[in-house]
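Number of protein chains: 2
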Amino acid sequence: MDNSRKECVVGIDIGGTNTKYGIVNRSGTILSTGSLPTDAHLPFSDFSSRVTSKIIQKINLLESPHHCMAVGMGVPDGNFMNGMMHDPPNFSWTNVPIASSFSELFKCPVVITNDANAAAMGEARYGEAQGLDHFIEITLGTGLGSGLFVDGTVVLGHSGHAGEMGHIIVDYGGRQCECGLSGCLEMYVSNKGIMRTLKECLTKYPNSLLHSIPMEELGGKEIDLAFDQNDSAAIACYEYTGKMLGKGLATAVSILSPEAFIFYGGFSNAGERLLASTRESMNHHLMDVFKETTTLKISNMKEGTGAILGATALAWDVADDKIKLNY
Amino acid sequence: MDNSRKECVVGIDIGGTNTKYGIVNRSGTILSTGSLPTDAHLPFSDFSSRVTSKIIQKINLLESPHHCMAVGMGVPDGNFMNGMMHDPPNFSWTNVPIASSFSELFKCPVVITNDANAAAMGEARYGEAQGLDHFIEITLGTGLGSGLFVDGTVVLGHSGHAGEMGHIIVDYGGRQCECGLSGCLEMYVSNKGIMRTLKECLTKYPNSLLHSIPMEELGGKEIDLAFDQNDSAAIACYEYTGKMLGKGLATAVSILSPEAFIFYGGFSNAGERLLASTRESMNHHLMDVFKETTTLKISNMKEGTGAILGATALAWDVADDKIKLNY
Numbered sequence: 001m002d003n004s005r006k007e008c009v010v011g012i013d014i015g016g017t018n019t020k021y022g023i024v025n026r027s028g029t030i031l032s033t034g035s036l037p038t039d040a041h042l043p044f045s046d047f048s049s050r051v052t053s054k055i056i057q058k059i060n061l062l063e064s065p066h067h068c069m070a071v072g073m074g075v076p077d078g079n080f081m082n083g084m085m086h087d088p089p090n091f092s093w094t095n096v097p098i099a100s101s102f103s104e105l106f107k108c109p110v111v112i113t114n115d116a117n118a119a120a121m122g123e124a125r126y127g128e129a130q131g132l133d134h135f136i137e138i139t140l141g142t143g144l145g146s147g148l149f150v151d152g153t154v155v156l157g158h159s160g161h162a163g164e165m166g167h168i169i170v171d172y173g174g175r176q177c178e179c180g181l182s183g184c185l186e187m188y189v190s191n192k193g194i195m196r197t198l199k200e201c202l203t204k205y206p207n208s209l210l211h212s213i214p215m216e217e218l219g220g221k222e223i224d225l226a227f228d229q230n231d232s233a234a235i236a237c238y239e240y241t242g243k244m245l246g247k248g249l250a251t252a253v254s255i256l257s258p259e260a261f262i263f264y265g266g267f268s269n270a271g272e273r274l275l276a277s278t279r280e281s282m283n284h285h286l287m288d289v290f291k292e293t294t295t296l297k298i299s300n301m302k303e304g305t306g307a308i309l310g311a312t313a314l315a316w317d318v319a320d321d322k323i324k325l326n327y
Numbered sequence: 328m329d330n331s332r333k334e335c336v337v338g339i340d341i342g343g344t345n346t347k348y349g350i351v352n353r354s355g356t357i358l359s360t361g362s363l364p365t366d367a368h369l370p371f372s373d374f375s376s377r378v379t380s381k382i383i384q385k386i387n388l389l390e391s392p393h394h395c396m397a398v399g400m401g402v403p404d405g406n407f408m409n410g411m412m413h414d415p416p417n418f419s420w421t422n423v424p425i426a427s428s429f430s431e432l433f434k435c436p437v438v439i440t441n442d443a444n445a446a447a448m449g450e451a452r453y454g455e456a457q458g459l460d461h462f463i464e465i466t467l468g469t470g471l472g473s474g475l476f477v478d479g480t481v482v483l484g485h486s487g488h489a490g491e492m493g494h495i496i497v498d499y500g501g502r503q504c505e506c507g508l509s510g511c512l513e514m515y516v517s518n519k520g521i522m523r524t525l526k527e528c529l530t531k532y533p534n535s536l537l538h539s540i541p542m543e544e545l546g547g548k549e550i551d552l553a554f555d556q557n558d559s560a561a562i563a564c565y566e567y568t569g570k571m572l573g574k575g576l577a578t579a580v581s582i583l584s585p586e587a588f589i590f591y592g593g594f595s596n597a598g599e600r601l602l603a604s605t606r607e608s609m610n611h612h613l614m615d616v617f618k619e620t621t622t623l624k625i626s627n628m629k630e631g632t633g634a635i636l637g638a639t640a641l642a643w644d645v646a647d648d649k650i651k652l653n654y
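Chain order of the listed sequences is A and B. Heads up: the first sequence begins at 1 in my numbering, then just goes up one per residue. Heads up: the second sequence begins at 328 in my numbering, then just goes up one per residue.
Don't take each hint at face value.
Result set (DSS-like, lysine-lysine): computed pairs, CA atoms no more than 25 Å apart in a straight line [said to hold, decoys possible]:
#1 A/Lys322 / B/Lys649
#2 B/Lys649 / A/Lys324
#3 A/Lys322 / B/Lys651
Simulated from the structure, these hints should not be mistaken for lab results.
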């Protein structure tokens with residue numbers, strides 16, 4: 001290694017539409033960030049070479065010379081244990097040895113994990129979970145992801161896929177999920193789930209303010225605004241969502257007893273509008289010993305940076321030999 | 328310490344009716360065991376002095392002189408973090424500083440945990456879970472307890488009460504539980520739950536062999552025998568129990584992805600009679616990525632010794648300074 005260069009790591013967050021990255025120094029300062037289209041319909045090799053050359057160019061453009069020690073990546077359906085991207089929805093790439101491919105290009109160790117675990121790691125190192133040994137990060141987007149911290153470490157489980165809270169069943173025989181099960185938590189608490197609930201609420205409340213907005217333009221912001229104006233459909237939508245979310249959280253509390261759930265991304269911007277009914281439902285579905293033992297918080301990480309920061313946290317652990325990779 | 332004496336630890340398993348103990352050497356050999364009535368209606372001080380004097384007497388009677396390095400206890404509603412026995416059902420003692428009380432009497436460190444965690448620790452050190460980093464011990468008795476191992480360590484959670492799988496809800500609005508919730512797993516999968524299901528099945532199947540036995544004499548053995556003779560009520564009872572158990576296990580797999588569930592005590596003696604339908608239901612309620620990733624096993628620890636062995640495993644960790652106690 002060239003000792004005249006400072007050390008940095010790269011965090012990459014691969015999304016279905018865009019891939020975001022950040023270059024971070026040892027103190028956690030983001031030296032540079034950027035984004036480029038993922039173009040998941042094109043071959044993987046096209047993607048990997050575009051991303052690598054762009055980031056190496058950015059490192060070379062930093063004010064002082066830096067040496068990239070490791071790269072961490074938040075990868076949809078990415079498996080930390082074997083470095084593989086398995087079969088994520090909306091991607092034409094399946095079973096890609098993504099860690100080793102990028103490692104050849106970057107010429108340094110590359111570590112991957114799934115996007116929810118990356119967000120949890122970012123939260124633990126830089127966000128609301130600093131100092132917490134037991135917490136669960138809930139990522140709200142198209143679906144619902146979760147990253148578990150137990151005794152200060154992310155839980156991967158035997159299969160490497162621990163933390164699929166989006167697919168615990170909160171309504172047996174309920175809404176059909178794409179995964180094949182029915183009544184999965186993410187069918188109620190995610191962009192797709194909440195918008196479906198909203199539609200149902202809108203048919204019940206013909207006087208809702210939200211009828212004035214075309215369905216395809218409706219989202220969290222519009223529901224929040226209507227909620228703040230006491231709109232019945234918006235209130236009913238968040239109440240139902242909170243009730244279902246509270247059921248799922250209570251189940252996780254009975255098993256893991258975390259200190260906090262931290263919500264990141266998407267509908268987490270609804271804040272207390274959604275969390276008040278969630279908290280009530282969670283405590284309602286808990287035995288006494290657990291009531292009021294787990295707090296609900298909104299992440300303070302800027303949307304889009306959570307997974308990047310988490311990926312860099314993981315990259316530093318690899319750079320510092322705290323984690324040994326099998327790939 | 329007297330160097331001419333060999334080292335041993337004591338494991339104690341406090342039950343509602345009887346308290347069992349074992350004296351164990353470093354290689355895990357049980358040097359002596361015994362049992363005495365708990366008499367939980369009498370004052371705690373009566374219990375603690377009786378137990379201590381009996382065990383010290385037993386240590387003094389061992390073939391060669393031994394020195395007790397530490398005592399580990401499996402305590403109903405016992406909290407490892409603060410050494411307290413909180414408010415277990417069927418005991419007149421509440422909020423007893425049980426670890427420090429026994430520590431004064433034994434004149435050595437005393438560590439406690441709840442009975443399911445103790446069983447899990449015994450399983451990890453001496454039983455079916457040797458070499459497993461991720462497993463969940465399910466203890467079947469009057470209720471259903473669980474002890475979680477993640478990354479080779481028992482999970483206590485933020486409150487110290489992690490692992491209350493008996494109270495995850497598998498049927499919203501279902502059977503009323505003593506804990507105040509309804510539809511808790513232990514209302515279906517425990518002595519009380521299974522006997523209730525059996526009663527329901529017996530009304531459905533008037534020709535069942537089990538009608539010839541008085542209800543108060545019916546238990547696991549009788550159901551197993553009837554099952555083996557293709558008795559419809561016995562088969563329906565275990566099918567329903569397995570269906571509900573599979574739902575609960577699937578939820579835990581989606582969250583923690585353990586390598587195995589290991590069943591200990593009570594109805595676990597039913598073995599494959601119960602596990603076949605449980606496995607089917609578990610896989611039915613799991614998304615593809617988890618199907619067939621978690622095995623179901625029956626503990627190979629003799630009933631009654633599991634929690635004692637686990638408690639001694641914990642005691643050795645304390646004796647060897649691997650665990651620091653706050654009490």
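Checked hints:
1. A/Lys322 / B/Lys649: holds (21 Å)
2. B/Lys649 / A/Lys324: holds (24 Å)
3. A/Lys322 / B/Lys651: Holds - the C-alpha atoms of B/Lys651 and A/Lys322 are around 24 Å apart, at most 25 Å.
Figure legend: structure checked against the earlier numbered hints; every hint is met.
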